[in-house]
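Number of protein chains: 2
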Amino acid sequence: MLRANLVRWSCVANLSGIELDPASDTPLYKQLAESIRGLVENGTVEAGERLPATRELAGQLGLNRTTISSAYAMLEESGLLEGHVGRGSFIARKFQAANTEKMDWDALLPPLGPLPHTAHGVEISFASSRPPEDAFPLAQFRRLSKGVIDGPDAAEILQLGSPHGYLPLRRFLLAQAADSGIARSGDDLIVTNGCQQALDLLAWLLVSDKQAVAVEDPVYHGLLRVFTRARAKIIPVPVDSAGIDVDLLREVVEEHRPRVLVVTPSFQNPTGVTLSLERRKAIVEIAQRRGIVLVENDIYSDLRYRGKALPTLKELDASGQTILLRSYSKVSFPGLRVGWVIAPRPVVARLAEIKQISDLHSDQLSQAILLRFAQSGELDRHLDRTRRAGLERLNAVTDACERFLPPGTKFTRPDGGMNLWIELPAPLTAARLLGSAQARGVDFLPGPYFSGGRAHERGLRISFGGLSPAQIKRGIQILGEAAAAELSASNNPADFEMAAALV
Amino acid sequence: MLRANLVRWSCVANLSGIELDPASDTPLYKQLAESIRGLVENGTVEAGERLPATRELAGQLGLNRTTISSAYAMLEESGLLEGHVGRGSFIARKFQAANTEKMDWDALLPPLGPLPHTAHGVEISFASSRPPEDAFPLAQFRRLSKGVIDGPDAAEILQLGSPHGYLPLRRFLLAQAADSGIARSGDDLIVTNGCQQALDLLAWLLVSDKQAVAVEDPVYHGLLRVFTRARAKIIPVPVDSAGIDVDLLREVVEEHRPRVLVVTPSFQNPTGVTLSLERRKAIVEIAQRRGIVLVENDIYSDLRYRGKALPTLKELDASGQTILLRSYSKVSFPGLRVGWVIAPRPVVARLAEIKQISDLHSDQLSQAILLRFAQSGELDRHLDRTRRAGLERLNAVTDACERFLPPGTKFTRPDGGMNLWIELPAPLTAARLLGSAQARGVDFLPGPYFSGGRAHERGLRISFGGLSPAQIKRGIQILGEAAAAELSASNNPADFEMAAALV
Numbered sequence: 001m002l003r004a005n006l007v008r009w010s011c012v013a014n015l016s017g018i019e020l021d022p023a024s025d026t027p028l029y030k031q032l033a034e035s036i037r038g039l040v041e042n043g044t045v046e047a048g049e050r051l052p053a054t055r056e057l058a059g060q061l062g063l064n065r066t067t068i069s070s071a072y073a074m075l076e077e078s079g080l081l082e083g084h085v086g087r088g089s090f091i092a093r094k095f096q097a098a099n100t101e102k103m104d105w106d107a108l109l110p111p112l113g114p115l116p117h118t119a120h121g122v123e124i125s126f127a128s129s130r131p132p133e134d135a136f137p138l139a140q141f142r143r144l145s146k147g148v149i150d151g152p153d154a155a156e157i158l159q160l161g162s163p164h165g166y167l168p169l170r171r172f173l174l175a176q177a178a179d180s181g182i183a184r185s186g187d188d189l190i191v192t193n194g195c196q197q198a199l200d201l202l203a204w205l206l207v208s209d210k211q212a213v214a215v216e217d218p219v220y221h222g223l224l225r226v227f228t229r230a231r232a233k234i235i236p237v238p239v240d241s242a243g244i245d246v247d248l249l250r251e252v253v254e255e256h257r258p259r260v261l262v263v264t265p266s267f268q269n270p271t272g273v274t275l276s277l278e279r280r281k282a283i284v285e286i287a288q289r290r291g292i293v294l295v296e297n298d299i300y301s302d303l304r305y306r307g308k309a310l311p312t313l314k315e316l317d318a319s320g321q322t323i324l325l326r327s328y329s330k331v332s333f334p335g336l337r338v339g340w341v342i343a344p345r346p347v348v349a350r351l352a353e354i355k356q357i358s359d360l361h362s363d364q365l366s367q368a369i370l371l372r373f374a375q376s377g378e379l380d381r382h383l384d385r386t387r388r389a390g391l392e393r394l395n396a397v398t399d400a401c402e403r404f405l406p407p408g409t410k411f412t413r414p415d416g417g418m419n420l421w422i423e424l425p426a427p428l429t430a431a432r433l434l435g436s437a438q439a440r441g442v443d444f445l446p447g448p449y450f451s452g453g454r455a456h457e458r459g460l461r462i463s464f465g466g467l468s469p470a471q472i473k474r475g476i477q478i479l480g481e482a483a484a485a486e487l488s489a490s491n492n493p494a495d496f497e498m499a500a501a502l503v
Numbered sequence: 001m002l003r004a005n006l007v008r009w010s011c012v013a014n015l016s017g018i019e020l021d022p023a024s025d026t027p028l029y030k031q032l033a034e035s036i037r038g039l040v041e042n043g044t045v046e047a048g049e050r051l052p053a054t055r056e057l058a059g060q061l062g063l064n065r066t067t068i069s070s071a072y073a074m075l076e077e078s079g080l081l082e083g084h085v086g087r088g089s090f091i092a093r094k095f096q097a098a099n100t101e102k103m104d105w106d107a108l109l110p111p112l113g114p115l116p117h118t119a120h121g122v123e124i125s126f127a128s129s130r131p132p133e134d135a136f137p138l139a140q141f142r143r144l145s146k147g148v149i150d151g152p153d154a155a156e157i158l159q160l161g162s163p164h165g166y167l168p169l170r171r172f173l174l175a176q177a178a179d180s181g182i183a184r185s186g187d188d189l190i191v192t193n194g195c196q197q198a199l200d201l202l203a204w205l206l207v208s209d210k211q212a213v214a215v216e217d218p219v220y221h222g223l224l225r226v227f228t229r230a231r232a233k234i235i236p237v238p239v240d241s242a243g244i245d246v247d248l249l250r251e252v253v254e255e256h257r258p259r260v261l262v263v264t265p266s267f268q269n270p271t272g273v274t275l276s277l278e279r280r281k282a283i284v285e286i287a288q289r290r291g292i293v294l295v296e297n298d299i300y301s302d303l304r305y306r307g308k309a310l311p312t313l314k315e316l317d318a319s320g321q322t323i324l325l326r327s328y329s330k331v332s333f334p335g336l337r338v339g340w341v342i343a344p345r346p347v348v349a350r351l352a353e354i355k356q357i358s359d360l361h362s363d364q365l366s367q368a369i370l371l372r373f374a375q376s377g378e379l380d381r382h383l384d385r386t387r388r389a390g391l392e393r394l395n396a397v398t399d400a401c402e403r404f405l406p407p408g409t410k411f412t413r414p415d416g417g418m419n420l421w422i423e424l425p426a427p428l429t430a431a432r433l434l435g436s437a438q439a440r441g442v443d444f445l446p447g448p449y450f451s452g453g454r455a456h457e458r459g460l461r462i463s464f465g466g467l468s469p470a471q472i473k474r475g476i477q478i479l480g481e482a483a484a485a486e487l488s489a490s491n492n493p494a495d496f497e498m499a500a501a502l503v
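Order-wise, the sequence lines are chains A and B.
Each residue of the first sequence is one higher than the one before, starting from 1 at the first, in this note's numbering.
Each residue of the second sequence is one higher than the one before, starting from 1 at the first, in this note's numbering.
Worth flagging that the hints you see were computed from the coordinates, not collected in a lab.
There may be inaccurate statements among the hints.
Stated by the list, open to error - Listed below are the simulated DSS-like cross-link pairs for lysine-lysine, each with C-alpha atoms no more than 27 angstroms apart in a straight line: (1) B:K102 - B:K30; (2) A:K210 - B:K233; (3) A:K102 - B:K281.
Unchecked claim - Derived DEER-like restraints, expressed as beta-carbon distance ranges: (4) B:L167 - A:L138: 15 to 23 angstroms; (5) A:E285 - B:E19: 36 to 44 angstroms; (6) B:A107 - A:E255: 22 to 30 angstroms; (7) A:K210 - B:N42: 37 to 45 angstroms; (8) A:T228 - B:A107: 23 to 31 angstroms; (9) A:R250 - B:N42: 34 to 42 angstroms; (10) A:K102 - B:E254: 18 to 26 angstroms; (11) A:P407 - B:A107: 52 to 60 angstroms; (12) A:E56 - B:E254: 57 to 65 angstroms.
Beta carbons are placed, not taken as given, at the ideal position from N, Cα and C, and that holds for glycine.
Just chain A, with the same shape it has in the complex (with noise of 0.2 angstroms):
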């Protein structure tokens, strides 16, 4: 049996069909993925069977490893192949064949939106805002754990719960933003699996057909989605080096009398600005006389490298229209799906309902585990050890943009978070540059990804939380190394016209 089986797994998959189309738009690694996937569909290659090893496919058609490893990662992805440390990738078992006269979905649904131009077997990623996975303080994530895991309550909270959210954690966090002054007499609070989803059910309680919403402009992708799908009017107002132009804002109200602002005060995504103290007081007020609803997206703030922390807009409006976001999210583990909304009892209420609906209460052991976290004051041992290391995290990107990057780049100088903002010289654009850095191994995500009106085609986001300082320089040297062939490219007026048509 088991001779049987190790012979079965031995059989190498015949891939020598596949024909590839160099030409083509979709990718190289894309094309490889369809062409082994569709093998499998007209039984050529079966379960069970081996693929090639990647050196040794590159070889036989030509291809760079790298798009080899990434068409098997994304088969692995899908499921169709199974990866086995020091055996190789092997087809999945095979699934009953569908029937041909198949419903076409792709026909009937809507199409899918447009992906974030991420690369595979990249080296370095400036991609993904998320804190670095080796400072994961996990001795303590242990022992807090088995600690939630034995203790008394760990049948309550394997039971269903409430839509509000596990009550020792909700009332811990109520009580907390009481002593700091942040909650008011009249405040609730309302636990959500991240500020994804509190942003989420905010959308779905405040905005109908057409209703404006005020969105800083460059603005985080996943914001603009949520109010999107809930059919608002996104008014994008611009954002400097102190956050939201408070000028621009004021003419924006006075011109689509928005329903809700949506701010993100301290340390921005996608730009790591910060918004002053005067700016924030002008934003209340404004918010007050006009009756809008501030959403105050509050998940970095946590997150200071240096400088005085700043009052958040929610402590400066006694008026109670300001709506609190916040997260464990970006300061612990982003794994444990953890944020919440402190406002108005009956701005909570109604969340609760609309949360019912959505998924009826968050996970409760992670809820449990965080609370532990908070209360046994590692959270704030973990926050000033990633506080220390944000700062050295912070001076090597700023060192290598000053240090790397062509004359005539811009860039924003956050005190805190895990994001800056690059707007390159013309004639380079973002999507250029990112195609010469991703061939050269290192990725990030490009202005256009996070329009809110303006398109920012020489804008880029670089996510530097992530990366270790030595990581850091060494990317954005890659990245200048790129911008300067890619100017040095543009200098040839055909080259120069073929990138203008790109656009």
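Given chain A, put chain B in place with the hints provided.
Relative to the frame of chain A, chain B by itself:
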């Protein structure tokens, strides 16, 4: 310091100013809770003061002690009160005062939906469809969770994940589904926060304004709300003892041409009935002929206590237009929110997009723990025990219904699951019975709560899954007594008129 603290905490709040109106529509416990909140907000009662013991206040106000506990529970839930076992209930710390010129949220926001008529302080609740927490395999959960927490993948689990779900779980579930003939070539899988979120994502994907969606009637409230919030036109199809009525379904299909049909084929919530094999085949045939998308909500089928398992619609449908929803919530720990969708790849790709907008991805720790639970065989062992205990519950509830409910009462005979449906004889209504039952310490959800179209005024759901056979027997006996009392009261014509006017 300790002394001062003790003195402060020992002060008993003066609630002598409270006046309640027994004739009001607002229940007394809510009136009491709001009065206490008023005394805190106007400063009569201060943070740290202890409320009178429930027995004492009940005596003072001439109320039932349960009313007082319910009011305290409500205030505790909202954070205004802190309970300390053995010491009493205390007003929570003071919050910073809000401006008196506050935003009028209740005027700005849509009204809150009606709440289910659940009561506080009931002895036996048939209201919630959930497993009994004293049957949770806690020792196994603790052992396996620690394995995950101490394991080499802990850092990866804690890091930002994929909208598709935790890859090892996704692979495991898809391989399992392929092995059992449920997943076909071309299918993929996405993990969701239980089935509720799966329904929500699907409603988003499949339904646009006013598109017709056929649902069972009566139907699970949370399913209905998901599709109404997606602005679907709901087409109810009556359910009888063998599930959805296929002849009526054919008529509905010809008349309304629904785009989607949502079915819970096994142990449907709220009726507990199971679609016969013949009807399953007929439904698949209708869907294939008319190009209708089948959403198969299959969360209870593992809870079969007697009889032979039936194939899923997904297995019967080779054309790939069935979308299967499953979940670990009902069969293991509802507090860990892990469900999944198996569907053709184009559907799953789009669900992943919507999932990312909704909340990025599901909590990874629970996904990893439930994977371990399933892989270790502990889930199967737990299911065996659950099914044995479930059969006892099922026998207890049907025996008690036969024995204690008044003549003319009809009820379903489920072969599994957690719910049974009762139809009361005229002139009884579920609303009248509920008031009478709650006064006797028994709670349930009345029929109108599950209305997909018809009012179901005489219907009610009995969720027996979380109770012991003895509790079930006692609860149904009390229901029978309450029904008898209501029937005898309704022989008084004046009373009967009043009851009719209430409907």
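Hints versus structure:
1. B:K102 - B:K30: holds (24 angstroms)
2. A:K210 - B:K233: Distance of about 22 angstroms is within 27 angstroms: holds.
3. A:K102 - B:K281: holds (17 angstroms)
4. B:L167 - A:L138: 15 to 23 angstroms: For B:L167 and A:L138 the Cβ distance comes to about 20 angstroms; the hint holds.
5. A:E285 - B:E19: 36 to 44 angstroms: holds (41 angstroms)
6. B:A107 - A:E255: 22 to 30 angstroms: Given range 22 to 30 angstroms: holds, Cβ gap about 25 angstroms.
7. A:K210 - B:N42: 37 to 45 angstroms: Between A:K210 and B:N42, where Cβ atoms are some 42 angstroms apart, the hint holds.
8. A:T228 - B:A107: 23 to 31 angstroms: Given about 27 angstroms between the Cβ atoms, the range holds.
9. A:R250 - B:N42: 34 to 42 angstroms: 38 angstroms Cβ-Cβ, so the 34 to 42 angstroms window holds.
10. A:K102 - B:E254: 18 to 26 angstroms: Because 24 angstroms falls inside the window, the suggested range holds.
11. A:P407 - B:A107: 52 to 60 angstroms: Holds, at about 56 angstroms.
12. A:E56 - B:E254: 57 to 65 angstroms: Roughly 58 angstroms apart at Cβ, these two residues keep to the hinted range, so it holds.
In summary, this structure violates none of the numbered hints.
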